[in-house]
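A.B. asks: Residues per chain are reported as follows:
2 protein chains.
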Amino acid sequence: MNGIENSGLYSLTHPRSVAFWGASTNPTAMGSVLMSSLLAMGFQGPVYPIHPRDREVKGRPAFKCLSDVGAPVDLAVLVLPTQLAPDVLDECGRNGVKAAIVVTAGFAEKGDEGRRLQERMVAIARKYGITMLGPNCLGVVNPDAKVNTMFMQYETSAGFIGMASQSGSFVTQMFDYLQERDLGFSQAISVGNEALTDVADCLEYLGNCPKTKVIALYLETVRRGRDFVRVAREASQKKPIVAYYVGGTRAGGSAAFSHTGAMAGSDELYDGMFRQGGVIRACSVEEMFDFCHVLGRQPLPQGNRFVILTHSGGPGAAAADAADRCGMGLAQMSRETLGRIEALVPHTASVGNPVDLTFNRTPADYMQTIPEIILSDDAVDGLFIYVILPQSRARKSFIEITGDPQGGAAMADQFVEGQCQALARVAAASGKPVVAATFCGRSEPFVQHLEAGGIPVLPSPERAVRALAAAARYAAAKRGFA
Amino acid sequence: MNGIENSGLYSLTHPRSVAFWGASTNPTAMGSVLMSSLLAMGFQGPVYPIHPRDREVKGRPAFKCLSDVGAPVDLAVLVLPTQLAPDVLDECGRNGVKAAIVVTAGFAEKGDEGRRLQERMVAIARKYGITMLGPNCLGVVNPDAKVNTMFMQYETSAGFIGMASQSGSFVTQMFDYLQERDLGFSQAISVGNEALTDVADCLEYLGNCPKTKVIALYLETVRRGRDFVRVAREASQKKPIVAYYVGGTRAGGSAAFSHTGAMAGSDELYDGMFRQGGVIRACSVEEMFDFCHVLGRQPLPQGNRFVILTHSGGPGAAAADAADRCGMGLAQMSRETLGRIEALVPHTASVGNPVDLTFNRTPADYMQTIPEIILSDDAVDGLFIYVILPQSRARKSFIEITGDPQGGAAMADQFVEGQCQALARVAAASGKPVVAATFCGRSEPFVQHLEAGGIPVLPSPERAVRALAAAARYAAAKRGFA
Chain A
32 MNGIENSGLY
42 SLTHPRSVAF
52 WGASTNPTAM
62 GSVLMSSLLA
72 MGFQGPVYPI
82 HPRDREVKGR
92 PAFKCLSDVG
102 APVDLAVLVL
112 PTQLAPDVLD
122 ECGRNGVKAA
132 IVVTAGFAEK
142 GDEGRRLQER
152 MVAIARKYGI
162 TMLGPNCLGV
172 VNPDAKVNTM
182 FMQYETSAGF
192 IGMASQSGSF
202 VTQMFDYLQE
212 RDLGFSQAIS
222 VGNEALTDVA
232 DCLEYLGNCP
242 KTKVIALYLE
252 TVRRGRDFVR
262 VAREASQKKP
272 IVAYYVGGTR
282 AGGSAAFSHT
292 GAMAGSDELY
302 DGMFRQGGVI
312 RACSVEEMFD
322 FCHVLGRQPL
332 PQGNRFVILT
342 HSGGPGAAAA
352 DAADRCGMGL
362 AQMSRETLGR
372 IEALVPHTAS
382 VGNPVDLTFN
392 RTPADYMQTI
402 PEIILSDDAV
412 DGLFIYVILP
422 QSRARKSFIE
432 ITGDPQGGAA
442 MADQFVEGQC
452 QALARVAAAS
462 GKPVVAATFC
472 GRSEPFVQHL
482 EAGGIPVLPS
492 PERAVRALAA
502 AARYAAAKRG
512 FA
Chain B
32 MNGIENSGLY
42 SLTHPRSVAF
52 WGASTNPTAM
62 GSVLMSSLLA
72 MGFQGPVYPI
82 HPRDREVKGR
92 PAFKCLSDVG
102 APVDLAVLVL
112 PTQLAPDVLD
122 ECGRNGVKAA
132 IVVTAGFAEK
142 GDEGRRLQER
152 MVAIARKYGI
162 TMLGPNCLGV
172 VNPDAKVNTM
182 FMQYETSAGF
192 IGMASQSGSF
202 VTQMFDYLQE
212 RDLGFSQAIS
222 VGNEALTDVA
232 DCLEYLGNCP
242 KTKVIALYLE
252 TVRRGRDFVR
262 VAREASQKKP
272 IVAYYVGGTR
282 AGGSAAFSHT
292 GAMAGSDELY
302 DGMFRQGGVI
312 RACSVEEMFD
322 FCHVLGRQPL
332 PQGNRFVILT
342 HSGGPGAAAA
352 DAADRCGMGL
362 AQMSRETLGR
372 IEALVPHTAS
382 VGNPVDLTFN
392 RTPADYMQTI
402 PEIILSDDAV
412 DGLFIYVILP
422 QSRARKSFIE
432 ITGDPQGGAA
442 MADQFVEGQC
452 QALARVAAAS
462 GKPVVAATFC
472 GRSEPFVQHL
482 EAGGIPVLPS
492 PERAVRALAA
502 AARYAAAKRG
512 FA
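Those protein sequence lines, which keep their order, are chains A and B. Here our numbering = 1-based position in the first sequence + 31. Here our numbering = 1-based position in the second sequence + 31.
The reader is advised that the hints may include incorrect statements.
Which copy is meant is left open, so a pair is good if it fits within one copy or across any two.
[Stated by the list, open to error] Cross-link-like lysine-lysine pairs, in silico, DSSO-like; alpha carbons within 27 Å at most:
no., residue 1, residue 2
1, K427, K89
2, K242, K95
3, K427, K177
Source of the hints: derived by calculation from the structure; they are not laboratory data. What you are looking at is a predicted structure, and each value in this text was computed from that prediction instead of being measured.
Using the sequences and the hints given, assemble the complete structure.
C.D. replies: See the structure below:
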């Protein structure tokens, strides 16, 4: 595990026992909701609610204070009125607790009095050697360790995205979003006000986490710029880091300050830091996860020369325009490659780049033979393919051809699956990244088949192209550092 | 109907009878597929397949040539080998057909020989006074008239978006996309190579179409710049026009040329044309329909001073950052307004702009009382609200509170619906635009309830903010022209 067991963040994300302040018999209290998430996750160790009056919380015996527990506690979760938090943290320290998640808000983000309270918390944590997350955070989710202290229940399997976020919402409210896209978190950490544990710490930890293939950062500020760059540079040699930074504008920076007391800086400053750290910047939450999706599922491109393959002119032109705007390069294929494609397509097609078939003469050519020809050209570093294979249309065609409603539908389903598997095989054999896009919904079987074959399916040509460009930027940064 | 019945495009989109070339007993032939779409739409008038050998196509008697039909034909749809198209168009002219959709490709977009053939088609159409759409197009969809000549079946109801597109795919492949978003086309026209009928003609027509509330344009070029600006300026006084232009980059322009023979121009040139015409520019297909969604469903803002309402800091900061980047202004609410909000929120909240509740003390405050207070401030032109009310969570809470699985679930469903209806009422009463965003999927009941109440729910804060900014830009352009 690269020694991450010795990191304070490891004890936060891998507790063997948890004590909860703020969970009670009131099921809608924030503390009760977070404790429910932990229990629903199937956490294996003991969970101790600490409550002044309630004697049982969610079927677990509750304790008046920590010393009543009479067993070791690894992690304390504090969901308390602001004024009470420091004393409870001190109680944790005195009882040997080594990790604490302070969910409670109202600290540095609320002005001077809150800042003083927060400083007291830091002093207590330092005194006892407690790894403290927050305050004003939602804690952690670690599906493999069956830990989740967030607001929503985590109901999907573990994924490859390791996230550190200055917004708890952008962790917990994305659980379903990721599940719908066949993605998930390896671990995710909501850092809140970062009084003690900050994004740079998380970056170092996630860089060493063997289950994290790509790191996502939601940032409103970076508190230790030099350390961030140093740690990012080290982590980005091992895996891609995608950051969504919202503090670069006047309004964004001011909202960030109200949110987590963050002092934001200009876009130029942050772009410089990201460049030095090999961090790829995303422009929205959707884009951050698009980039993670592609970077986690596909090999890195050797360069920035891609081919756009389409059977529809509009999506092809839109992809080409987006490519120019985001710095994705269009490959110049060899004469031989162009000749081999030309032999397979109708006379209305254009075989430059985009390769636009206008329509498929033979469906297998589009999803197999032509991608194979394109990817075998040394001048090509990867492929974007626009796909639309809706089940209803395929079934209708096969039923019309065969005259057999049941048999035709089954044949259509097999055909669609076969096409997707063929593309996935071609992509895998090439060792080059292949990304698809469609406007069809994710419940379409072809989307599921392509994802099952490892090919990310993004919801528009523009977004797919931007993700490929991001992959090329990361690959270039990584080569630059090597 | 503002005299649109006299327009050539009216005869194209409202035929009483249709003749089809290229439909045959081969169900996968392009012509057969397009004729299927027309029949599946429930077209009421006669449909005449014209075929040299087949005697029956899709249950309709087929004819060797047009003169054999022996009844008037309003619209001809040509899906033929390129070389045959001119003679068939001439046959149409001789037999009194007044409108023709030429689906056939291989004309100006394929070089000099194709260009000459296209010119011949234009001469024939002019000679007989035929309103010709295309070549290299997919025709029209007009749900109210039960007309659809496109590749996909149109299975949803008519909507308020009137579209003219230089890509047929961006009409037909968006049917399901729009349906999933509770949207639809009033009419949509795929113009292809625009040999005779171009986007400016469509713009004039859709500007006068009473069922079209907002016009969407997908553009790779504008062939008659002055006419386009004149017609756009006139139409944009009546309704918003949203254009997605992809020809402004080297790669986009070159792909556009291969696609429809379009000579694209620089972004600066097109931005100037759009400004003069009061056209709002979108940067992707998704964004084009986001803008249409908001512009068609909500009143126009009086100015550019919006409020961001959230209970989660991250989405609020992301919205504020996006607002600055896209030119959406943040309102300065009055002291009185701020005081009234302050009285309703927890001490962790911030009541500036974004208004961030951090959590809901009373759910009704978030969806009703606070929006009402905000929208009643004269300094506020509209509201963005971040919403997350997943059914599973609401049911779980209510079941926990009531201890009654069935009754609790029903109460939760009623609660969610009531909240959404309250927000919709507040929004409608204010006369100001309100747009919501969520990362939850569209199948969530709260998304459906909000949409049913007329409130657009976009899939991210950033996209909602950009759409509100677009509405403010359009409102300013309209005021500027008045």
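A.B. asks: Take the hints in turn and mark each one as holding or not.
C.D. replies: Cross-check of the supplied hints:
When the C-alpha separation of K427 and K89 is checked against a cutoff of 27 Å, the pair qualifies only between copies, where the shortest distance is 14 Å, while the shortest distance within a copy is 52 Å. Taking the shortest Cα distances, K242 and K95 never come within 27 Å of each other, neither inside one copy (38 Å) nor across copies (67 Å). Only between protomers do K427 and K177 lie at most 27 Å apart by alpha-carbon distance; the minimum there is 21 Å, versus 45 Å within a single protomer.
Hint 2 alone, counting from the list given before, is not met by this structure.
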